Structures are given as structure tokens and as C-alpha cells.
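For the record, the sequence lines run as chains A and B.
Residue numbers for the first sequence follow our numbering, so the first one is 1 and each next one is one higher.
Residue numbers for the second sequence follow our numbering, so the first one is 1 and each next one is one higher.
Treat each hint with caution, since some may be false.
Said to hold, decoys possible - Derived DMTMM-like pairs: lysine to aspartate or glutamate, alpha-carbon spacing no greater than 20 Å straight-line: (1) K19/B - D247/A; (2) K421/B - E394/A; (3) K22/B - E18/A; (4) K316/B - D317/A; (5) K19/B - E243/A.
To be verified - Anything over 10 Å on all C-beta distances counts as not near chain A; from chain B, calculated: (6) R17; (7) Q21; (8) L215; (9) K320; (10) D322; (11) N323; (12) Q341; (13) Q418.
As the list claims (entries may be wrong) - Derived, one-sided and incomplete: chain B residues facing chain A with beta-carbon distance under 10 Å: (14) D25; (15) T28; (16) S52.
Think of the hints as simulated: they come from the structure by calculation, not from any bench.
Just so it is clear, the structure is predicted and the values come from calculations on it, not from any experiment.
The beta-carbon is built from N, C-alpha and C at its ideal position, and this holds for glycine as well.
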Amino acid sequence: MSLFKARDWWATVLGEGEEFDQGCLCVGDVDNSGTGLDKIVVGSYMGMLRIFLPHPSKPSEVSEADAQLLEVHLRDPIIQVELGKFVSCSELLHLAVLHPRKLSVYAVSGMAGNVEHGDQYQLRLVYEHNLQRTACNMTYGPFGGVTGHHFICIQSMDGMLMFFEQESYAFGRFLPGFLLPGPLCYCAHTDTFITVSSARQVESYRYETLAVATDADTRQEGEQQSKSAGKRLQADWTLILGEGALDIVIPSFSPSAHSIFVLGERNLYCLKDNGQIRFMKKLEYNSSCFLPYAAVGEGTTNVLMANYNNMLLVYQDVTLKWAAQLSCVPVAVRVANFQELKGLVVTLSSEGHLQCSYMGTDPSFFTAPKVEAREVNYEEVDTEMRTLQKIIRETTKTQDILPRADMEDELIITASVSTDLDAVSQALLPEINGATVPSVTVQIKVKSRSVVQNPKMTVCVQPPLAVSQDQFGLDSLGGGGGSQAVVTFSAYLNGLYPPADLTGDVAVSYSSPTELNPAGVPRVTQCKFSLPLRLVCSPAAPLKNAKYKITVDTNKPPVNLHQVFPDFAVKSDDKEGGALAFRFITGSSVSVLASKSSQRYRIQSESFEDMWLIAKELVQRFDGHFAKQGVKDFRNSFAGPIPLSEYFEIVELHFELRVNAEKYQDLLSERAVQFRAIQRRLLTRFKDKTPAPLQNLDTLLEGTYRQVIALADAAEENRANLHQAFASLRSATHLVIMLVSLWQGLGIDQTAILEATLLPLLQDTPQLGWEESVDAAVSHLLRTCLSRSSKDQATSLTTEQLSMPKDTARLKKHITLLCDRLGKGGRLSLTSEANVPTPVMMPAVRA
Amino acid sequence: MEVTMDPLFLAWSYFRRRKFQKCSDICTKVLGDSPYDQESDSPLLISEAAWSLKTRALTEMVYIDEVEVDHEGIAEMMLDESSIAQVARPGTSLRLPGTSQGGGPSPAVRPMTQSGRPITGFVRPSTQSGRPGTMEQAIKTPRTAHTARPVTSSSGRFVRLGTASMLTNLDGPFINLSRLNLTKYAQKPSMSKTLFDYIFHHENDVKNALDFAALATEHAQFKDWWWKVQLGKCYYRLGLHREAEKQFRSALNHQEMVDTYLYLAKVYQRLDQPITALNLFKQGLDHFPGEATLLTGIARIHEEMNNIVSATEYYKDVLKQDNTHVEAIACIGSNHFYTDQSEIALRFYRRLLQMGVYNCQLYNNLGLCCFYAQQYDMTLSSFERALALVSNDEEQSDVWYNLGHVAVGIGDLTLAYQCFKLALAFNNDHAEAYNNLAVLELRKGRVEQSKAFLQTAASLAPHMYEPHFNLATLAEKMGDLQSSYAAALKAEDAFPEHVDTQQILKILRQHFAEL
């Protein structure tokens, strides 16, 4: 990972398939030319010795041969080469070559050539030592403080240090506790040998100590002797590193600070010469070799370090100063001076790449390989894109991450109401007011397209209507198209007052199993059916006059009412169909009169609420009739005003009954308290050991009991009345809603709002009644969308506890106001409320 | 031109050049010629040396620096009884990261990991682990880690990143640990350390290693700091943190070493004492001024404690010591990115690229930086390269997720939709993608889909506040105040300072008060 790469100045590859290691590179003025220029000496494990004098290659020169001064095959593997003053009575540098079993010292000399091919170099053997043990590495130096000479110390594979004082063998010593050899280095300053032993510690041995220790030829012998003679070889100092070491270098350039540099497997240590750590650096890579090469400033040392990531790093103590990319992993690194250039880095890799390079700001720009570049043909790309988009669109329709809810229900329910009334009525009440109560059969078909488990059907109609059976447990339906279940029941009137609604609901709950969920997902399907008008009323003779009248206008010529109501057509003399009457089973009757000249129809009846069913039926049938005739722009309308006073009578009645109910409730609780009090008194009397007279408490109890029962009866009756009143209130409200929507021509959505406002409840309870909820809804509408100006619009709801009002005046006022505002063109909508969109968050993440 | 050489020397040379397989092969041959009997008393030196060398080679093949290994096993996490304070004071614990005490970016800008720490710019072991509160959360995969399940620390060998360490020996294990006379080897200082490394790193048999180290340190008369460090390592692996601390402390008394400081700091981090660890690092820096690993340790702790400013300072110090430090560059880069300085972040990432870091994540980051620095032309090509370089599905899904972000940024919602879908196709645990897909679905008006996605995202990543908040918003709009409130509470939990969440909660509380 570096920004720059080492610039090659000169490079070559040595041999083929040859191996090199740490000791195989040596740099110096090997031929003693005196020019101060360095030559490179390289020996290989295959026994080749080469000497180079690199110079920058000129472009014209192809051959690198003239950089190579010498190449000799020495027959034995070369483990290490060193340059030093190894020959006695000579100050010149000689080349020591270490073979596994031999140490040879050569003199290299060059003579000027006669021809232009250049100088001629020769290698001359000065002396050689045959070794008893396999050598591992060597170090040299002025042992014992001799001047002008270098002695050689060879470490053998089995841990013997062999000392050669130039041409003569001096002595050999076994290192104590030896197992595997480590790097060896001689420190001239303290005259000691530094090594890292297998016990993973730096050990320092004085030359004197080594010299005076008992001589030994074999390891065992040495150990025994040293034990007996008491001259056991002891290290001067040790320092535990806890790791093996690759190399030890003691730089000679800074005499002031004597440092020992140890390159461990994971750390770089700089030790003082007494074995204390001067500094250390944890290396976050595997280093291959290192070289302290110069001192910059006081007390700091520059270190060249190479690692297995092909990097050459320059540290100043522990600070990284430079990092450069190399082309291979070096096993040895040296610094050399050449003709024009000083301080070149010479590196040798294990495979024989010899390089002389220097640092430069040559960027090692890593060029990322190109991503599969394809010639862009826009037309082709466009068509490909289109086809892909098409595939994507189609797949998104059919499959997604989430299972899509089926648009079609798995279960189809169809309800068919038979056109004729039942021949034999199923009704529970045989007759009301002398009229027989009819019933009608409803048939429900349940069809399923897939497997459906445990379907259960519930039928619900509004009281006072009732059905012969309202719950059905069906058998599970198998898959396939044909599976279906059929259920029939009868609907009839089961009360003494007309219903507010003739529709009924069917709901089927079932579970549809999936692959992963055999128990099935619970689902519900619903269906509506509407019962015929004939169920609650029968044809009768029309009345001329009635208390309540409603006139519905149309924009088409009048039609024969008998055509519109064929099921109520009485065989009578009235051929024009100008009048028709409906008589409810419950007693009241409603007449519909068609005007002969104008396009108006009048509905009249003795009771206001009863007109609702008829009016609704009329409007519906007109719509159906004209639609059948192909008239499209048929419209019903109502001229107004809305018969609010009649409506309010019903509201009043309902309210009165609610007030009564409350009254009864209070009375009942009062009496109950009284009853319990008397009971308590009686009980104490009876428990008393000395019987006392009852003092008519029993009579009082009896009387209170009767009162309670009577009150409960009355409350019960009131409750039935309240139900009836609520039904009629609902009828009347429906009527009012219809009239308002006819009057103002409200659309479906506005009618729905109105309906939700005026009919919020299906049933009213003592806790929450119709009046207060309608009042709240109406006043909300008045305050928001029907307010006089937009400024008055309340932005938020003011909610308070809904409770039963004291009277209906406020409600009436509000409803009147609502009709007023609607009459003045107010629009019902819910969108005026402040719906401020809230922002949605998207997080940002990265790999 | 074959020249015969002493096989042991050759093996030794190969070992030095890190050609461990060759070294091991030669040693095997040497041992075959003169077998080394583990039981006998007077072995030949050569076979003993070969045996030792092979042990070293085998160890070195699987060696990973123990300092960097920090997989907290699921058992340690859940069965940890050495908890000190349930409610630590802010800024003294890693478990309850004090939010932005150092003025770091809020989670609105910089996403959090599962444990509630800001996402760092450099994936390293232990940054992802965190301490889960429940077993369920522990089993759940942290998204950025690569293994499907949290590791159990005692199972298996630690796999060295990037190398397959499947060393199969045809004739059984090289050293039969059960037959090893530990006492005998503990008395041989030249072999004991090698053998210990083998037991610890290669066999991963911590209990035997501990026994061996105890014997060896006794033999060394408790004067060898290295054995104390090894004892500490074993104790640490076994979860005996206080004993480990004692050993490391004792080792430091003998000899100051960088590694010992790092190990001890690791113990303190595991003990949830970041302040002590910081002090220790600083103490270490007094002895080893400018040591990059110590500085990095300080920076990491600051980063984990959400003190981004200090962390960046220390990362800069690291760079002063070693300007090729990839982790420091990446962390500073990501910090710049999350503080809205994408141009500067771009320079850091470009530097990494020039240094030869060439992987999917880098291009991913480059792409995002280019996008936010408005260099749109480079954005797509960066992502293209990232896609070309993906090595697993998680990376692929991250790239697609970021592409989706870019698409949202340029308003191409169809592309964004498809990108998020692709992200999910490659990694169906990608909670962020679920969340963003939900937002897109909501824009399309498909409320139910959106809700389902948000719920998925919230259950996958309960530490992210966005899905909770979005769910709260959605539910509030739909009138489901109760769910909205529950979700908003979760969002507040994940990110207490989030203003929009506060507002939603305020509105909801007002609603509830009125009822």
C-alpha cells in the first residue's frame, strides 16, 4: 500500500531456478580498486558466485553483460559472502565465501583489458578451511580488539561457534541451551557476540568468556566438561523477546549511540548495548529483511525495511518516512554507492531478482482494470432496456416480496330473495292487527374457487325484522370450480312497528389454508340482500287526505304507478294508475298520488316516519323504471322546505322516552336501595336471639318488591317503546336525509357524510344516545366545512365528554342551521381539515 | 545444477523466507529418517531441531495476531456475570454509548450499528459485536458481520483472513497433545515457547495451553514476562478477565512491551472500562512514543464511545507516524463523509485507491462521495466497478442499496425501487432497504405494503430509528394512534434527540390526554 514505487536504476535476473537467502548479498569495493565505488557480490545456493558493477543502461545497449564482472561456479552451495580484511599481512579487502562444509577466502583482482571489451577480473583462492560441522552463518570483526584485521566466527547448525583467526582455526565453543541457530552478529564496541536463541531471547556472549571457556569437540563432552570444570559458558546478558528473530544488525556509523537492531518476526527492537530496549516498533506486516543504514540527526537512525507485501519502508526510529513499492520480495537489502549515484538500494529476492533502485516520486498508480467495456449501441441498449422493463413490469404484477391480497375473493356469496312470499308463513307472530304476517325465503349460495376451511355464516337483519335462522355452520369446501353450498332461510316481521331498513347482511368467516400455514388465514366475505316491500305492507285503497304529505318532483312526464309498482297493483277501476296505497302490517297506511298534469308525486300518510320506506322505494323504482326505458337524464327533486317540524316531533318523542328511561332507572335504583335496606333490617331482626316484633317491615318489603317489579315492567315497556321510537327516528332521519339530498341534489359522497352525521349509531344506549352524538357531529360540520367564513374554521376538534343533553332545543337549532347552510349552497367535505404531510425518513448507509 | 545441501539448513532457510509448507515437508522427511520420540529422554539433536522447526512452521501458517482477535462468543456475552454497573455514568462505559458527548454526528446523519455505535470506516473484528441485551438479539445477525451466526469463541480455529487454514494431516495430528508430557517440555526453555505457540494457535487448545504455561512459568521462576503474557492470553480466552489482568500487569512490571499493553487494554475493554484502557494506552505511549498501534487503540475507543472528534485527532496522530495506515485513512475519510465534507472524504478514499486498496467497499464509498460532491459522472462508474468487484451477496446488496439512494437523489423513483428490490434479493435481511422500499411504496399509495415493509425493517433492525419513526408517522396518519405511539416510543429509544419523533409523541400525548 504505497503511493510511490521504487525507481529502478538497474536490475537483472540471476540464473534460472537458483535460490538465494539473507547472506547471499554483499556490497563493497571487492577488487580494492580504491575508487570507493561499490560492487555487488552475489552467491547462490547452487554455487554460483557473481560480481556486478552496475551502471545505468543506455538505451542503445541491450546486453547487460558488461555490468557483470565475474561469474564462477564454486561447486558447493554458497551460504554467505562477506567482505573484510581476512588475510594476514594485508590491509586489502578479501572475499570470504561460506559453504556448508567449507570456508574459502578469495582475492578478487581486476586488470585493465587490452581490447575494448573492458577489464578482466579474476578470483584467486587465498586459503580455505574445511569444516567439521555444517555451517549456518558467520560474522566477522576485530575480535578481541585487534586492529587492521578481521577474524571470522562461524555458527554451525548444531550450535558451535567456530573462530578462525584468518588462516588458522582458533577454537570452537558450544552455545548453551542450543536447539536451532539464530542470527549472529559481532558487536565491536563491547567485543561481544549477539544472537537470538531458540529460547526466544537475545543473548550476548563476551569474546573473552568464549575464549576462556573449556574447549570442546562434541556437544555432550562440552557440556559435561563445563559442568565439571566450572567454566560454564554464560551469557553476558539476555533479553526475552518472546519471538524468533530474522536478523541482527549493529550499525557502525553512529559511535555515540551504540545500538543493536533486532528484527523480530513481529517487532523491530532497538537495544542499548547493555540489553535494554531503547525503542521498539510493532510491525503490522511480515518483514523479510532490514538494514539500519544511516543516522540522521542526533540519536536517530534510519532503517530500511522490506516486507512480504512488496514494500520497501524507510523508518526514522519508529516514524515511517517513506514507503515505496518494489516488484518482488527481497531477502537481502544493502545500500551501495555507484559511479554517478550514491546511496542506491540494492535488493535481492529469493528467486534472484537483483535490483538497484532509488526512492522517487514515481507514482505507483494502481491502474484498476477496466470493467467489461462494451461498445454502446444505443438502439440495441434501448430495445434491451425496453424488453427488460417489460419483463420487470410483468413480474411485479405476478410476484412480489409480500403476497398480494387477492383482488377477487376466494369465496363468492350470492343472495337471492324469492319474488313470491312464502305459501306458508314462517313468522313467529301469526298475525298483527288482524293481518297475517308473511315471510319470504332467502337463498344464499356460497361458491369457492379454492379450498376453504370451516366456513361459518351469519345473517343479520335490523329489528323488528327477524330470520328463521341466523347462524349456519357450513362444511369445508374443497377446491375446484364447482364446490358450493346453499342455505335457505325465511325473513319476516317480528315486531309491532315497521322497520327502518329492509336490507340484511350476510357474512361468511372462513380460513383459507396456504402451503406454509395449513391452519389457514382467517378471512371474511360479506354480501347484502334486500327484502321486498311486500314483506311489511300490502296494497290498500288510497286515502284522499292525510296528515303528512311529501311531494317529489321529477323532470319527466308522469307514469302509471301501477307499472312502477306491479306487485301492489290492485285490480281496480283506476286505470291511469294515479293513486296507490300501501298498508303496513302494523296498521298505518301510505298513499302515493300521481299528479295528472304536472310531473309530481305526492306521498301522504298519517305517520311521518312510515313514509320513508315508500318514498325510498318510489325513488328507487322510478330510477329503475326510467333507466329501463333508456331515459338517462331522469332526476328526482324535492322543492322543499324540509319538513323539520314533523321530524322534530319524532326526535322529541325519542328524547322523551330516553328521559323516561333515565327516570325509571333512577327510581329503580332508589327502590332497590330501599329494598335492600329493609332486607338488612329484617335480617338483623331474624338473627336477633331475642325475637322482636317485625313492626310491619315484612309488609314494607312486600310493597317495595311490588314497586320494584312494577317499575321494572314499566322500564321494560319504555325500553320497547324506545326501540320502536328509535326505529321510527331512523326511518324519519333517513327520510330527511333523502329529502335533503333530493332538495340540494347532493352527490353520493356528500350524502354519505350527511348520513354519517345524522345516523351515527345503529343502537342507542343510556350511556351514548343519538341526540348527543348527532349534536356533536352536526356542530363539528357547522364549525368546519359549513362555517360562515373560512376564518371561523376551527382547526382542531374541541372534544369533551358526550352526555345526554337537558333538552333538544340546541340540537334542533343546529339541525335547522345545517339545513339552512346546505340550502345556501354549503358543501360537505372532510378535506378542509389541516392534513399536514409529515416527512418520511430515509437512512443513509454504506458498505 | 543441483547441489546437495543439509536438509535441516534448507528447512531453516525456508522457514526464514516464510515458505512454511516446504519447510514442513523437509522437516517431515528429516523426522522420517530419524524419528523423534516424544517420550524418550535423550533425543538426537537433529530430530529435536527438526521437530521444533516443523512445530514453528505449522504454527506460523495459522498464526494470527491475538491482539486483533476479538470474537466475543455468544456464551460469553450472555453468561457474563462480571457486570459491574448496570447504569454506568455517561462516558465511562462502552455498553451504553453516551450519545454525542464529543459532538460527533447524530444518528440522523451517521447510521448506527446494532449496539448503538456509529458505523466506523473500517471493518475489524469486535466493532460489530457489541453487547446484546437479549438472547434473541444475540442470535440475530449483525448485518455488517460476515458470518451468519455469532461465533462461539471456543469452537474451532480462528481462521486467518484470506488464507484457508485447512491443514489436513494424512496420518493424524502432528503432535498428539494427550500423550505429551507437559512437565518435561516445560523444563526445556528452547522448546517450550514453540510448543506453547503450537498448542495455543494451531491446536487452539486453550486449557492445555494454560496448564503448559503455568508449568513453564514456574520453571522460569516467574521471571519470564513472556510466559505471564501467555497465561494472560489463556485466561482472557477462558473469560477470566481479572486473572488475565493480573498476569499482564505482572508481565509489564518485568518488561515493558507494546503487545502487553495492547493485551491489557483489550482486557479492560472487555471489562467495559474504556477510561482505564485509555489511561493504559497513554501510559504505553510514554514508554513507546509514537507507537501507531497504541494510538490506533486510543482512536478506536474514542470512536466506539462516539467521541468522533477525539478519535479523528488520534487517527491523525497515527497518520503522522505512519502515513500509509489504511484504517486511519478510512476512518478519517468516513468521518468527513458523515460531516458533510464529501469532497475531503473523496480525497482520502482516492488516496486509498492510489495506495492500491482495490475492493468493492472502497468503490462503494467513492461512488457515494462522488455523488454527494456532485461529481455525477464518476458516481455510476464507481458503482459499476464496485459491482464488478463484489465478493459476496452482502456487498452486492450494499452496492445496490447505495445505488438506490443515488436514484432517490436524482428523483428516478422507478430505478430506486428496482435497486432496493435488488438489494433485498441479495440480502433479505437488509433493514435499510426495507425501510426505503416502504417509503417508496407509501408514495405510490400502497399503504398496506408500506406498513408491512416498515414492520419487517423494524423487527430486523430494532436499533435503527427510521423504520420506527416512519411506522409511527404512517400509523398516525391512518388514525391508529396506539400503534403510532408504540412505534414512536421505540424510535425515541433508538434516537432520543430526534425532533420529529418528539413532535409526534407530543401530538399523540395531547390526543390521549383529551380522551
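Self-check item: Hint numbers not upheld by this structure, sorted from lowest to highest
Solution: The structure breaks hints 6, 9, 10, 11, 13, 14 and 15; every other hint is satisfied.
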